[in-house]
Amino acid sequence: MSRLLVCPPDFFGIEYEINPWMRLSNRVDHERAVSQWRTLMEIFDQNLGVVLERMPPIPGLPDLVFTANAGLVVGRTAVVSHFRHPERQREEAHVERWFRRQGYDVMTVQTGLHFEGAGDLLGLSDTWFGGYRQRSDIGVYPILSEHFHREIIPLELIDNRFYHLDTCFCPLSGGELLYFPEAFDRYGRQAIAERIPDQLRFAVPEAEALTFACNAVCVGKHVVLPAGCPTTQTWLRARGYASHTAQLDEFMKSGGSAKCLTLALD
Amino acid sequence: MDQHQERVCLQGHIIDSLMLAKVLDLIVMMGGTFDLEDVHIGKTREEPSRARIVIRATSYSLLNDILKAIQPHGALVEGEADCRSDRAPADGLLPDDFYATTHLPTQIRLNGRWLDVDRIEMDLAIVVDEQGLAARAVPMGEVGRGDRVIVGRAGVRVIPLQRPQERDVFGFMESHVSSERPHGHVIADIAARMRRLRAQYQQEQPGSKVLLAGGPAIIHAGGREALTWLIEQGFIQVLFCGNALAAHDMEADLYGTSLGYGLTAGRAVPHGHEHHLRTINRIRTIGSIQAAVTSGVITQGIMAACVRQEVSVVIAGTIRDDGPLPGVITDSVEAQSAMRAMIPGVGLALLVASTLHAIATGNLLPATIPTVCVDVNPSVPTKLADRGSFQAVGLVMDAASFLTELARVLGRQA
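Taken in sequence, the protein lines are chains L and Z. The numbering used here applies: residue 1 is where the first sequence begins, and numbers increase by one. The numbering used here applies: residue 267 is where the second sequence begins, and numbers increase by one.
If we strip away everything but chain Z, and leave its shape as in the complex, we get (with noise of 0.2 angstroms):
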């Protein structure tokens, strides 16, 4: 976050004197931008006007210049403390009253300065290092015995989203889930914006990896060539799925099945309900996906593409997982923190027909990554932004769709 901010006080005759305009200007003059909260005017010519102003800066030293212009126009910096800290007690336990995040750019106050928090997230602690120079959001099972952890309130402050440049489906960064809303120009801005994060990846830009959390239902419903499509065409670095999605992938390359049901004929194939658990068996024979990839026994699909790509995987197990496929992440704790190790760098995230998926991966990503849920069932937009992830856009539609349309959108011949 390149964002640092102050808040001022201004009070008098600051609004026929036009100082209020004055520090406003010179804010604005000096490159910097501000919010003004608590506007009062006074009713008659003696009673006094008073503005308190959030100032943000893009540095440390432009804010501290711009307060040290407005300050001679009476502009005062309104007191706040430095946060405070307490040392956890054990490994993987918080010390009581530790402040616990949400998934806004948050920043601490530690010796005056203010501080931002690394790797934001919801629902974390703020552990700082021993020197005082940084802060990062930290699950409660990795925090180790003696971390210096923040507590209470103080000192702490969460940043709102500023609204975007781009004035596309992202710019109001609020959910709205709606059938009846029309797709297509949600979908042209999501591949506009892919368009644009797939050349600055190929420039090593920061932030500019794109994100995909799937479920099995883009296998099922006739997602996969698109999905594959948008994969061996680089505008996906990430991919988060579970054993299912990779298994009935591997499947329809092995059977042309999915499930048991011809992708093709589009009927049960007999003794279908086989083919992805002999699927699972081949790879668990060959040793891993990547293997299957390599040796050529697996030609095709999602999977494929995701090796051939060196798109980074995650697969993250659940309780009725057959199998499960090499590679699998089995304990929940540890795929966790296997997802979260992937976030930094994702600028676009896309979570696609898996409620658990999408709930998990909503639940590691900072409010300023642009997220968008698909889902045929409304109700998983809905419990995503329920659960706090309020910058999701909301698009309620069958997943094969979604993912046609944007490959389509993005140059795919159908």
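Same shape as in the complex, but just chain L (with noise of 0.2 angstroms):
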């Protein structure tokens, strides 16, 4: 049974901008988001058996929702994000305070490397891919890839909309791969190339990785991602997966979407 750790959004909101999605300008509508978020767990909860972990909200951090970006969580390993924006640093002591009253062994990344946990460092079978140059930096994966002995190969995100690996590579638990190639640049594309064959890879059009569907959670054949992403839910259901969708739109004026609001535990 997997399990997902979540943070309601009780506080969530536009509080700063530190990518090219958020406006301050651009408020939330609190009433909505935090319906839209209950519609998304009711389906990892109700349609999938997904067990939720809820870390508890903290007032002045909205972006603490996004628990796919507090860190990376191998066994029983918590490896802590050190986040590139101060704004979102002050999530950090209350993350690994989560991690370690859970019993987790934490890990923290050597100090003046960033490192922005599962939203930059994906795995599949045996490779894990890692996305640098935004938020995390290219140094965190030799040391990720030694303590875990596993392969990292670090792709650079050349396009800020795209700002961590996880709002435009998703890969599934079939080998398969939802990317937008567009927001790497020609040795991340073929490096991607050389790992997933060319039928189990599918290029998301611009419109949907604008919506982001390749911020989606994949769970066994279930992969949940944002309404509004109709190409790619066809190709889904080709290879065998039942979709889901959950309208994610308040989340997405921050820049996140059903993938960013969830961080896989086991």
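No lab work stands behind these hints: they were computed from the structure. A portion of the hints provided could be inaccurate.
[What the hints assert, rightly or not] Some chain L residues close to chain Z (C-beta under 7 angstroms, calculated; not the full set):
| hint | residue |
| --- | --- |
| 1 | V74 |
| 2 | R133 |
| 3 | I138 |
| 4 | G139 |
| 5 | P142 |
| 6 | F148 |
| 7 | H149 |
| 8 | E151 |
| 9 | I153 |
| 10 | P154 |
| 11 | Y187 |
| 12 | Q190 |
| 13 | A191 |
Given the structure is predicted, the values throughout are model-derived calculations rather than measurements. By construction, the Cβ of each residue, glycine as well, lies at the ideal position given by its N, Cα and C atoms.
Fit the two chains together into the complex; they arrive one by one in their own frames, and the hints show the way.
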């Protein structure tokens, strides 16, 4: 059974601008955000039978709701993120405390290196892919690779609208990949192509990529993704996946969607 | 030297991610060059790979731009320390542990910046100016009390020679000495370079002078006319020789002999052994070689051509010299300094038929100057290489044949 870490959006809002999606003038409809989040949770909880672990929200930490960026969990080890922006660095101590209380072995990356958790590091069978340049520093990947004995292929993110790897790259349980090729340079695209055969790769069309089709959560043969991605859903169906959509436009005001709102614990 | 470099390290899964390719492409695209050192490729997918890359650029700011561009891709500059210096305790004395130079391009790191060492030459010390803005290779004897001398090896780096663009005999910059190798193409390459350097010299470009260091065998063997022609045609700008070459050259003009041998008859002339002494005495009477030529006493030959073409001549004396001729520098340290002063601006060195002058000149030349050593005795180019002038191309042949063939290729009518 899958377990996901989530954080209720009690204090979610736009209090600063740290990515091109965020506009202080673009106010979040709080009630609507809470309702969208609850609907998403219902899909996980009731439709997919996922166990949801709730991290208590904290006033003044509006982005704590995006738990994917809190860290990376591998077995009983939690690597706590070190955010690039000071606005989100305030989340670090809170996240670390939560993992310690839950009995995880907490690991932090070397000072001076930024790492934004499962937002930038995603696994596909034996290989992990690490996004860098926008948020995480490439220097963390050799450290994590050595610690977890995994190959980590760094991928440069070249479009700041896709500032975390999980906004443009989504590995699925059957070895398939949803991705937006234009978010990577030719080296990245070639490295991806060498690891994932053509027929398993789906290049999400730009309009759906901008709706964050790739910010999807895959649980077994189920994929939860934001509403408004019909082409992606058709492809998923053809590959034997059941897709579940959720309206998450309040969270898109902050540049986050389904995947950003969860962190895989097991 | 127009070369700035830094060593960086790249590690992780740099092969399959094409990170190494990306970094190397970036370096080249931005106008730098690189050498890959110590590439270690992981044996399994999990095992990381590692590469050390030496990046070179033609300016300090380009190097910095390249470093700035590749650092986000994980390239880490390897830590380097500044060089250390100590004061010279007295004139002509170096501090203990002074750094002894090679003749390869050398840089020192001062206040975090790499600085070229000017006038590099083998077996010298490095002196830095008080402001720490310039560094120069200085011979032991010329160091002054209190000079800031580099000590130890930290913060000093020697830059290997770049393979030159030209694909000629100098392309490999390593001495091959063999009497069995054909000479034709070597001489053709030297001629091509001399032709190019003459054109550059006429346009007053730096590093376009040709230096010839020669021994008296040039005269004895019959190479005088060819060398005279080369000088008259403007192919040679600097001449290093001894008392003998100058004396026998002028003896040939006055008496038609070289060391008493009739140059055309090819046999000893009665009382011919006196000719060089009488020549020396004549020039000493006149006061200088220059005056002997301008007054019309000496009309033909190497020295006359040098005076007329305003070639810089350094005549270094030895303990067996007769006379010597006026202008011969008999203090060998002084002679060495005079020769050293002529090296800047030289773009090709021909060391012909003189063990002594070939090795003395070889010691003064930076490795970046293409050098040819011509001697009928293979041990001379070998000895030159053994003493460190590995860049010299060795040519085992008689001086007269070499100069005659070189002049012919350059257009002299036989």
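So, going through the hints one by one against the coordinates:
no.	hint	verdict
1	V74	violated, 14 angstroms
2	R133	holds, 6 angstroms
3	I138	holds, 4 angstroms
4	G139	holds, 6 angstroms
5	P142	holds, 4 angstroms
6	F148	violated, 9 angstroms
7	H149	holds, 5 angstroms
8	E151	holds, 5 angstroms
9	I153	holds, 4 angstroms
10	P154	holds, 5 angstroms
11	Y187	holds, 4 angstroms
12	Q190	holds, 6 angstroms
13	A191	holds, 5 angstroms
Violation of the numbered hints given earlier is confined to hints 1 and 6; the remaining hints are satisfied by the structure.
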